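Asker: Construct the complete structure from the given sequences, taking the supplied hints into account.
If you use the numbering used here, the sequence shown closes out at 212, no skipped numbers anywhere.
Since the hints were made in silico from the structure, they are not lab data.
Keep in mind that this is a model prediction, so the values were computed, not measured.
Listed next, with one range per pair, are the computed distances between beta-carbon atoms:
| hint | residue 1 | residue 2 | range |
| --- | --- | --- | --- |
| 1 | Leu189 | Leu70 | 31 to 39 angstroms |
| 2 | Asp84 | Thr205 | 36 to 44 angstroms |
| 3 | Lys187 | Arg76 | 21 to 29 angstroms |
Built from N, CA and C at the ideal position, the CB exists for glycine as well.
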Amino acid sequence: MSTGYTVESNGMDRTTVSFYRFAPLVRSVARRYAGRGADLDDLISQASCDVLELILSCPEDKSMALHLSQNLPGKVRDAAAKLRRQADHGSIEELAESGYEPEDLRPNYTPELLLAGIPIEPDDFLLVEDLLYGLTQAEIAKDLGCSQQNVSYMIKKLRTKLHKHLN
Numbered sequence: 046m047s048t049g050y051t052v053e054s055n056g057m058d059r060t061t062v063s064f065y066r067f068a069p070l071v072r073s074v075a076r077r078y079a080g081r082g083a084d085l086d087d088l089i090s091q092a093s094c095d096v097l098e099l100i101l102s103c104p105e106d107k108s109m110a111l112h113l114s115q116n117l118p119g120k121v122r123d124a125a126a127k128l129r130r131q132a133d134h135g136s137i138e139e140l141a142e143s144g145y146e147p148e149d150l151r152p153n154y155t156p157e158l159l160l161a162g163i164p165i166e167p168d169d170f171l172l173v174e175d176l177l178y179g180l181t182q183a184e185i186a187k188d189l190g191c192s193q194q195n196v197s198y199m200i201k202k203l204r205t206k207l208h209k210h211l212n
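Answerer: Below, the structure is given as structure tokens:
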């Protein structure tokens with residue numbers, strides 16, 4: 046016996062229904078990667094956006110649950126890593142009062158070096174800017190519209206140029 050209830054009669058489209066159907070998956074994956082600078086609410090928001098994107102990109106011949114369970118954790122893990130890198134580690138005033146000086150793991154990419162008069166070509170400027178923001182090579186590749194391997198090569202060229210200029 047049919048109750049007459051359909052997705053369309055409730056006023057929701059199939060994407061919305063699918064989104065609500067996978068809300069527990071979103072929360073559990075976000076909970077898994079929360080902590081150490083990655084806020085749970087931020088991860089849930091990001092995972093919600095990712096799940097909508099994955100619902101729309103799900104191939105017809107693949108189960109949506111399988112597609113989401115295979116792809117959502119990776120997207121949330123990447124978002125958590127990005128949030129951890131961008132985490133607030135205290136205000137500048139607090140850091141100055143405590144005498145804390147962050148150790149620069151990549152001395153070739155410090156802003157002081159860029160202000161020292163080293164010539165940077167316009168093509169390399171976006172690369173340097175993205176490196177200063179702490180983006181990964183994969184994120185820079187997306188930003189520049191090229192492959193991660195190409196970004197790696199560009200960074201190698203830039204390092205060589207900086208070493209020649211400094212020595």
